[in-house]
Amino acid sequence: MLVIKYTKAYPASYAGHTDTLRTIGRIFRRAGANVEYSKGFNPHMELYFSPALPVGVQSTAEYLAVKMEMEDNLLDRLNQFSPNGLTFTHLWQKQANVSALVTSATYRVSCKGLSQYASQMLVDNYAINYEEKGQQVTKVVRDKIYDLQVVDADTFLVTLACGNVNLRCDRLVNHLLAVNNLNADYSIVKIQMQTNGTDMDAFLQS
Amino acid sequence: MTKFTDSIKKPYVYTGGEYGVPTINTNADVRFCMCVSDSYEVGMSNLGVRILYYMFNSMQGVSCERCFAPWQDYANHLKSTNAPLCSLETGTPLVNFDFVGFSMQFEMCYSNFFYMLELANIPVQTAQRTSDHPFVVAGGPCAVNLEPLYKYLDFVFVGEGETVWTDIVNDYKRMKGNVDRQQFLQYLHQTYDCIYVPSLQGVEYQDGKVVSVGSKIVKRNVVADLNQAFTPNTQLVSNVELVHDRAVLELFRGCANGCRFCQAGFIYRPVRERTVDNAFSLCTQLLQNTGYDELSLNSLSTGDYSGLSQLLDKLLPYAKANNVQLNLPSLRVDTFKGDYASGNRKSSLTFAPEAGTQRLRDVINKNVTEEEILSAAASAFMQGYSSVKLYFMMGLPTETQEDIDGIYDLVVKIKSLYKKHKTSAKALRISVSCSTFIPKPFTPFQWEAFASRDYVTRNQRYLAEKFRQKGIAFSYNDYDVSLMEAILARGGRQIADALYLAYQKGSLFDAWSEHFCWENYRQAFEETGVDINAIVGKKGTSELLPWDYVDVGVQKLHFLCERNRAYALQTTPTCNQLCRACGLHKWGFCQTSHGNVSKEGK
Ligand code: SF4
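Sequence lines, in order, name chains R and E. The first sequence runs 1 to 206 under my numbering. The second sequence runs 1001 to 1602 under my numbering.
It is possible that some hints are incorrect.
[Said to hold, decoys possible] Derived CB-CB ranges, DEER-like:
#1 E:Asp1073 - R:Ala9: 20 to 28 Å
#2 E:Asp1480 - R:Glu131: 46 to 54 Å
#3 E:Pro1123 - R:Gln136: 52 to 60 Å
#4 R:Gln136 - E:Gln1288: 46 to 54 Å
#5 R:Asn183 - E:Lys1079: 12 to 20 Å
#6 R:Gln136 - E:Ala1321: 15 to 23 Å
#7 R:Glu131 - E:Lys1413: 38 to 46 Å
#8 R:Ala100 - E:Asp1409: 32 to 40 Å
#9 R:Phe41 - E:Lys1389: 18 to 26 Å
#10 R:Asn125 - E:Asn1121: 34 to 42 Å
#11 E:Pro1123 - R:Asn125: 27 to 35 Å
#12 R:Asn125 - E:Gln1288: 27 to 35 Å
[As the list claims (entries may be wrong)] Capping the alpha-carbon separation at 20 Å, the derived lysine-lysine pairs in PhoX-like fashion look like this:
#13 E:Lys1389 - E:Lys1466
#14 E:Lys1505 - E:Lys1415
#15 E:Lys1176 - E:Lys1219
#16 E:Lys1470 - E:Lys1420
#17 E:Lys1539 - E:Lys1466
#18 E:Lys1173 - E:Lys1209
#19 E:Lys1079 - R:Lys133
#20 E:Lys1003 - R:Lys112
#21 R:Lys133 - E:Lys1009
#22 E:Lys1470 - R:Lys39
#23 E:Lys1415 - E:Lys1320
#24 E:Lys1079 - E:Lys1151
Derived by calculation from the structure, the hints in this document are not laboratory data. The structure displayed is predicted, hence computed values, not measured ones. Just so you know, even glycine gets a beta-carbon here, dropped at the ideal spot from N, CA and C.
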């Protein structure tokens, strides 16, 4: 089993999760990587991905586990056959189910003038409004916000629950924008995943 | 996430950056933007577009980019930011290209053609374009009658693009800057048999009827040998799912069967097969270069490929070893061999008897008997198939109540076969689809009338009720949609104004039934004084037809002869059995073998 870290940037970040899974399967096929296939009637590649990233959110910290032996120059070969925006960056030989391990993730939020309002999210019982399945809902999310670091007036880092317990960063940002009457464009980049407070990379390295 | 991705439903279809995009030289001498006036997912699946895209990009000093019809949220975004419609590869406004070429695959995409031109700030009418504008051109299957768009297209390429297009582009490269727009069109008009310049043709209409189609006869361009023709060994692989999201190999072009209702069967003649070696080699290259795990062998009638079993002997083991799923679409009932499909997922079985009785199948020259259909179904059921789809048509020439009832009777027979032969534990899933026959140009039925609303809706209701009682899924086309398709396919210059008017009234994405609005068109025809009945009604065989300026290679005499045979209930054998000298032999085809089938494949 190998675990591979990859970056999902524009324009690949505009494709949804299942579309991206399919794309990555094709990259492995083009690169001629010897991935194992499941047995049975409808065999598929044994690839396992970290939790879904919403359309439009970029990430420098996505992971996938793949059932195969180590091969020469694997990362280079994968990158050679990747569409714009997908880059494979790290490789570990390890048995690890990243999807089950991940507990939190750090995001870099960039938006003109939003940092001054970011601390609002730290008040007790902080709740956000968002739309889910066509319904407007209000949810208390304070318990899913683990850390906030303001970098400058237009940038802050926020660490949120990720995995089984999850808070979508785009919902948090959209709520902040709405309640503060801001109409600026914004971008979100997932920059790290953690397992019980440990950087996923360090965990995989150990 | 950004505001853009929040507000646009399918943001990825506007970014480009797919795997396999060649390097685009924005300083190329000739820049071509290849457009399909349908959605990205549909347009990206088009084989013809794929060939020309890679061919142009392989030429010295030429670059080719793509553009598809955006959904309305993106169109609104463009309008609100005052941005024009741009190419996917380099984000170049369409108006800055030398050629903006539309591949016209389907008549119902014409309204989107106006939509794309307007979003691109290109004048819709030919007469309004100047040296600042690209040539707006069209090709594809609809090019055999694009008269309904005559005043919006600078020129039309009739036929297959692998040859001649390269010459035109090279001519343009040489002449650019030395000749004006009009002179270049004049040059094309005089130089190339397959080029139609509507403004130079000298077509005349009187009271909404064509009285002269001009002096030039435009000849469909036909590629001699598919093995030699430019064929890309890769495809663009999108990050989002396409309509045909798989590797596709064109196995052969043309069809030997001569079904009398089928326009494709005539306008792609003759049959030109790839050799087994060429086909197999391309299949493996396509799969390796794209990473797809699914492959389709495409043609009008794949089961008729003379080297099918040799090819499958090579392909099946390759597919198994490489975890590739093979799709073999449009197998005709009479060539269906259950074993071709074994080793794959037991998908649905598809039959297209087209008509319910043997008499009517003889009329339309669908040379398949009820026994053949039933025995193919029985053997498929024995192999474990549990799902059947059946395709029929309604409104065919000479059709009677007996033929309508025949549809129902045949389906019921197939259903009862399942009980007898099934090996699957599943219940049979059977779905019947009945479309409305459209008498298309360049078929023996081009003079026939399109069926009336009363007749079609009455029989649709009749069959729907009978099938409902049997618990069989039955679907059919909305009459208005079929009527519209008939008007677009058979119309001439008299409907050009109405089409633009309907677009202005809001018609868009007409090929998507949830968007189609007949009322827009009905009003537009009324306001511009178009007599719909004259277009879809019966035509006299000596009458001049709007598309008579095109010679597809099959002679009118052959169509007439086939029409007479239809009425006499005479079937016509396939090209492989007996050449009926339809006209292609005069173009140098079908000289040494019946139907131009490659001998190596045998
Ligand atoms: S010339 Fe003969 S063999 Fe060739 S397409 Fe026509 S009918 Fe078929």
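Against the structure, the hints:
In this structure the supplied range 20 to 28 Å holds for E:Asp1073 paired with R:Ala9, their Cβ-Cβ distance being about 23 Å. Between E:Asp1480 and R:Glu131 the beta carbon distance is about 36 Å. The supplied range of 46 to 54 Å is therefore violated. The beta-carbon spacing between E:Pro1123 and R:Gln136, approximately 45 Å, falls outside the hinted interval of 52 to 60 Å. For the hinted restraint 46 to 54 Å between R:Gln136 and E:Gln1288, the CB-CB distance of approximately 49 Å keeps it satisfied.
Range check, R:Asn183 to E:Lys1079: about 19 Å between beta-carbon atoms, so the 12 to 20 Å window is met. With their beta carbons about 53 Å apart, R:Gln136 and E:Ala1321 fall outside the hinted range of 15 to 23 Å. Our hint of 38 to 46 Å for R:Glu131 and E:Lys1413 is violated, since their Cβ atoms are close to 52 Å apart. At about 57 Å, the beta-carbon gap between R:Ala100 and E:Asp1409 misses the expected band of 32 to 40 Å.
Separated by about 21 Å at the C-beta atoms, R:Phe41 and E:Lys1389 satisfy the suggested range of 18 to 26 Å. Take R:Asn125 and E:Asn1121: their Cβ atoms lie about 52 Å apart, and the range 34 to 42 Å is violated. The beta-carbon spacing between E:Pro1123 and R:Asn125, approximately 60 Å, falls outside the hinted interval of 27 to 35 Å. For R:Asn125 and E:Gln1288, the hinted distance range of 27 to 35 Å is not satisfied, since their beta carbons lie about 57 Å from each other.
Between the alpha carbons of E:Lys1389 and E:Lys1466 the distance comes to roughly 17 Å, so the proposed pair stays at or under 20 Å and holds. As the CA atoms of E:Lys1505 and E:Lys1415 are separated by approximately 46 Å, the hinted pair breaks the 20 Å bound. Restraint check for E:Lys1176 and E:Lys1219: the C-alpha separation of about 26 Å exceeds 20 Å, so the hint is violated. Among the hinted pairs, E:Lys1470 with E:Lys1420 is consistent with the structure: their alpha-carbon atoms are about 18 Å apart, no more than 20 Å.
Among the hinted pairs, E:Lys1539 with E:Lys1466 is inconsistent with the structure: their alpha-carbon atoms are about 34 Å apart, more than 20 Å. Among the hinted pairs, E:Lys1173 with E:Lys1209 is inconsistent with the structure: their alpha-carbon atoms are about 39 Å apart, more than 20 Å. Annotation: proposed proximity of E:Lys1079 to R:Lys133 is violated, straight-line Cα distance about 29 Å (limit 20 Å). Simply put, E:Lys1003 and R:Lys112 have alpha-carbon atoms about 13 Å apart, close enough for the 20 Å limit, and the pair holds.
Between R:Lys133 and E:Lys1009 the CA atoms are separated by roughly 15 Å; this keeps the pair inside 20 Å, and the hint holds. Taking the CA atoms of E:Lys1470 and R:Lys39, the gap is about 39 Å. The hint is violated against a cut of 20 Å. Only pairs whose Cα atoms come within 20 Å are accepted, and E:Lys1415 paired with E:Lys1320 is rejected, the gap being roughly 33 Å. The straight-line distance between the Cα atoms of E:Lys1079 and E:Lys1151 is roughly 25 Å, outside the 20 Å bound, and the hint therefore fails.
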